[in-house]
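Student: One letter stands for each residue in the lines below.
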Amino acid sequence: MGLEAYLLLAAALFAVGLYGALSQQSVVMLMMGLELMINGLLAAGAAFWYFLAPGTADGQVLLLVVITVMALEMAMGFAVVTAIFRARDVDTTDDAGDLKG
Amino acid sequence: MAEAVAFWALAVAAVAGGVAVFVVDSMARATFALLASFLCVGLALLLIDLAYLGVLVVLMMVMEMMIMAVFMIMYMMNPAGFMPMTMVHNHRGALAISGAVFALLVAGIFLTPWPARRGVPAADPTRDLGMSIMGPKMLVMMVVGLAILATIVSAVVLAADRGRYDRYGDRPRGR
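So the protein sequences, as listed, match chains A and B.
Per UniProt numbering, residue 1 is the first one in the first sequence, and the count goes up by one each step.
Per UniProt numbering, residue 1 is the first one in the second sequence, and the count goes up by one each step.
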């Protein structure tokens, strides 16, 4: 068990989350994919702190920011879903392509 | 040895939970699969001396997934999962892209010459973190606080049906 093991876990979680974020039609399921990707970042950040630079608390501070971002992303995501559902009765990503370039 | 066994068990469970999120038929079950994945990562953090952050992840994710379950039930199209549910687009493309990203990351993990470990963990890393965010890293804490406040305000503004000053019609007391 070392840095590589933790990073392997992180990479697997990130890849599974990426699949979900790319493939899910329901906006809320897409957000679960994003959460899973951030979950992977948590594992990677913790491993980098413990196995590379445990002398200072910098890595821990970064993890704290990641955890906060995860909660905020969820709150804003659900707010946007609620707003678009109220306005247009839309709950799938295919119907919400307004920003498609 | 025991730590390695615990880590691999948690890692496999975390990834299995992650896969289950997109495999199970009901969104409520998917929420709890995601919760299981988060709990495993939280426990894995406990294995590397991150007592505070590990417990924080566990507690926060339990609460967050409970809230998420409510939203899931609000928006889900297949409440109890009685019917098979697939709600995917570009399934093949997404699988190919995520597989390629995983292969790239794994190659990077094993080919990168990681630097040697600098320093040893403090006797109490939690105290270290507390002194850091209340001292030299206080700006981070302030920005995080501000971001949370901004999120509260903007989430309510976005999600509320109408604002305090919106009325139906011209009458000042119209509701």
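In case anyone wonders, no lab produced these hints; they're calculated from the structure.
Remember, predicted model here, so these are calculated numbers, not experimental data.
Backbone N, C-alpha and C fix where the C-beta goes; we use that ideal spot for every residue, glycine too.
Be careful, since some hints might not be right.
Claimed, not checked - Among the chain A residues that face chain B by a calculated CB cut under 8 angstroms, a handful are: (1) 24; (2) 55; (3) 60; (4) 61; (5) 68; (6) 80; (7) 83; (8) 87.
Student: Next, verify each hint and record whether it holds.
Tutor: Tested hints:
At its closest, the beta carbon of residue 24(A) sits 6 angstroms from a beta carbon of chain B; the interface hint therefore holds under the 8 angstroms criterion. A cut of 8 angstroms between beta carbons decides the hint on residue 55(A): the least distance to chain B is about 2 angstroms, and the hint holds. Because the closest C-beta pair between residue 60(A) and chain B is about 4 angstroms apart, less than 8 angstroms, the hint holds. At a threshold of 8 angstroms, the smallest CB-CB gap from residue 61(A) to chain B is about 5 angstroms, leaving the interface hint in force.
For residue 68(A), the shortest C-beta to C-beta distance to chain B is roughly 5 angstroms, which falls under 8 angstroms, so the interface hint holds. Look at residue 80(A): its Cβ gets to within about 6 angstroms of chain B, closer than 8 angstroms, so that hint holds up. Against a cut-off of 8 angstroms between C-beta atoms, the interface hint on residue 83(A) holds, since the closest Cβ of chain B lies about 5 angstroms away. Restraint check, residue 87(A) versus chain B: the minimum CB separation of about 10 angstroms is more than 8 angstroms; hint violated.
In this structure, the one hint that does not hold is number 8.
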